[in-house]
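Asker: Keeping the supplied structure of chain A fixed, place chain B upon it in accordance with the hints.
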Amino acid sequence: MRGRLDPSTLMLNAAVYAVLAFIVLPIITIVPMSFGENNYLEFPPTGFTFAWYAEYFGDRRWQAATMLSLQVAVLTAIAASVIGTMATYAMVRGARGLGSLFQVLLIGPIIVPHIALAVGLYLFFQTIGLAGTLPGFVIAHTVLALPFVVFTVAAAMSRVDADLEAAAMSCGASRFTAFRLVTLPLILPNVLSGALFAFIISFDEPVVSFFLTGIRDKTLPRRMFDDIEQNLTPIIPAIAVLLTLLSVAILLGAYVLRTRAERTGLASADD
Amino acid sequence: MTAAARPRLRFLSSDGRRIGTAATMLLLAPFFALLIFAFLYPLGRLLAVSVLEPTPTIDNYVRVVGNPVYAKVLLRTLWISGLVTLLALVLAYPVAFVMTRVRGVVAAFVTACVLLPFWSSVLARTAAWAVLLQREGVANTLLQWLGITDAPVRLLYTEGAVVVAMTHVLLPFMILPIYGALRNIPPDYMRAAALLGAGRGRAFLEVMLPLSLPGVASGSILVFLTALGFFVTPSLLGSPQEMMIATLISQQIREVLDWPFAAALVGVLTLVVSLIALAFSKAVRFDRLMRAEA
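Protein sequences, first through last, are from chains A and B. Residue numbers for the first sequence follow our numbering, so the first one is 1 and each next one is one higher. Residue numbers for the second sequence follow our numbering, so the first one is 1001 and each next one is one higher.
Since the hints were derived computationally from the structure, they do not count as laboratory data. It is possible that some hints are incorrect.
Stated by the list, open to error - Simulated DEER-style distance windows between Cβ atoms:
(1) L242(A) / P1054(B): 43 to 49 Å
(2) R1103(B) / V74(A): 36 to 42 Å
(3) E55(A) / P1054(B): 44 to 50 Å
(4) R1183(B) / I28(A): 26 to 32 Å
(5) Q126(A) / P1054(B): 16 to 22 Å
(6) V82(A) / A1071(B): 42 to 48 Å
(7) A15(A) / D1188(B): 22 to 28 Å
(8) A1033(B) / M11(A): 55 to 61 Å
(9) T1057(B) / N13(A): 55 to 61 Å
(10) T1021(B) / D59(A): 51 to 57 Å
What the hints assert, rightly or not - Okay, derived cross-link-like pairs now, SDA-like style, lysine to any residue, Cα gap no bigger than 25 Å in a straight line:
(11) K1072(B) / V1272(B)
(12) K1282(B) / Q103(A)
(13) K1282(B) / I107(A)
(14) K1282(B) / S100(A)
(15) K1282(B) / F151(A)
(16) K1282(B) / L98(A)
Said to hold, decoys possible - Calculated from the model, a selection of chain B residues having no Cβ within reach of chain A, i.e. all distances over 12 Å:
(17) T1057
(18) R1063
(19) Y1070
(20) A1071
(21) L1083
(22) L1086
(23) I1148
(24) E1159
(25) R1183
(26) I1185
(27) Y1189
(28) A1193
(29) G1197
(30) P1210
(31) A1217
Given the structure is predicted, the values throughout are model-derived calculations rather than measurements. Glycine included, each C-beta is placed from N, C-alpha and C at the ideal position.
Extracted from the complex, chain A is given alone in its bound form (with noise of 0.2 Å):
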């Protein structure tokens, strides 16, 4: 590295700080904004109080539409991760033949607009009484969620050696107790990691949980989206704080587990 200090070199690095900062502070006023005294919301805050996050874990409608939220992310990390892992396995070792239809649907979710589908969506399952359900939620929610299960769980489908599989099938073992001994430990991190991302990715989705919503039940993200619109209360940053350390969480979940598969040379074959 030469010419550190350089006039061009300080003006590059105050222009970069300049843009984290953009990216990063408006993030961060979340945070004093959550224990201000006063109903509304303001930058800075006055005064200092935890009444909003006893507001938020006393009020029965908020806890109602966290519990609709979790119910409806751990299904769909269910159900992403199987459907998802299922898939996978049968296009990198199936017969050849659907990947271009596979592709495309694959890809479909990521492209169509959230927009798009959300009213799709609610104007199918209006007419089959899935609308505002928990089936309902979780059908739409494993949609959004299944292309990055697919993903994560090709990357490690890709590395681990077919002939390990064949390997224990010559040994007598069927093919699903092979997968079960062999290729599922092999892809396991890869696996809960899809998990996981499908579990914040239904927990935070505010589109298509807003159309499907009916007046009733509301997820957490509905609900939040109702209050911003209304009337902007430090309980929507309070709760932004706690989904805040709920997906760092999350994601350092995920973090570890790949770091401490590949560590012990689970994952990774080959990096």
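Answerer: For chain B alone, kept in the frame of chain A given last:
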């Protein structure tokens, strides 16, 4: 494994390395069933509504482009998305460039800053912007302190608020692909350019910049496509008089209850996004796209 050494057939497979057609189908069945049931069919049905109700017609589409009010929404959506893409590109490039140059603690700090948005909910970030941009908010205080305005100006519920907040939400999706492209350029290339007599500026313009263009292209397409369908941020921070298309769709469904017209709007949006995605499918690794939707 030779054919002679092969163990007895299991699960319809002829070779331990591959599974048979029937097993493949069985494993793929839930995936296809789910995506046909909750992706292809609902979208197809919606598009059918847009041309079939109440009678077969393309009037709804004619209305989208023909009525000046709706054509304006369409143009505004394209304009805001383009502006957000351009702003994000200008802000992202130096960050991505510096990310390839730093090491150790500084690198960890910069990466954490870039990834922080992924850890916080879009609604929380939108709420933060609503507070910063309000009449007594920090942005107004800053503008007055800098002497740009004398009195508080209206920032919230304007096109500017939408552009700033959307740029904020989408910036990481521009930084990461550019960083990926820059990181893959061998440092030898820049050294070779320097040896051949190019100054740092010229080496950047003639070597680094062209080689980073694939990253710039992917980032720009991803940000632009995501911006076109943005719903949460424009709905909460924008003015009802200056809607983007997603907010208009929501309004048509929830307030006007005009399903065929809303379906046509979805049709136009989906068509535009799919065509752009298809046109650039070679340049953009869509499987690298993480979620940005809001």
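Asker: Work down the list of hints and note, for each, if the structure agrees.
Answerer: Hint check:
| no. | hint | verdict |
| --- | --- | --- |
| 1 | L242(A) / P1054(B): 43 to 49 Å | holds, 48 Å |
| 2 | R1103(B) / V74(A): 36 to 42 Å | holds, 40 Å |
| 3 | E55(A) / P1054(B): 44 to 50 Å | holds, 48 Å |
| 4 | R1183(B) / I28(A): 26 to 32 Å | holds, 28 Å |
| 5 | Q126(A) / P1054(B): 16 to 22 Å | holds, 18 Å |
| 6 | V82(A) / A1071(B): 42 to 48 Å | holds, 46 Å |
| 7 | A15(A) / D1188(B): 22 to 28 Å | holds, 27 Å |
| 8 | A1033(B) / M11(A): 55 to 61 Å | holds, 56 Å |
| 9 | T1057(B) / N13(A): 55 to 61 Å | holds, 59 Å |
| 10 | T1021(B) / D59(A): 51 to 57 Å | holds, 54 Å |
| 11 | K1072(B) / V1272(B) | holds, 16 Å |
| 12 | K1282(B) / Q103(A) | holds, 14 Å |
| 13 | K1282(B) / I107(A) | holds, 13 Å |
| 14 | K1282(B) / S100(A) | holds, 15 Å |
| 15 | K1282(B) / F151(A) | holds, 18 Å |
| 16 | K1282(B) / L98(A) | holds, 20 Å |
| 17 | T1057 | holds, 18 Å |
| 18 | R1063 | holds, 17 Å |
| 19 | Y1070 | holds, 16 Å |
| 20 | A1071 | holds, 19 Å |
| 21 | L1083 | holds, 16 Å |
| 22 | L1086 | holds, 15 Å |
| 23 | I1148 | holds, 17 Å |
| 24 | E1159 | holds, 18 Å |
| 25 | R1183 | holds, 16 Å |
| 26 | I1185 | holds, 16 Å |
| 27 | Y1189 | holds, 17 Å |
| 28 | A1193 | holds, 14 Å |
| 29 | G1197 | holds, 16 Å |
| 30 | P1210 | holds, 19 Å |
| 31 | A1217 | holds, 16 Å |
The earlier numbered hints are all upheld by this structure, with none contradicted.
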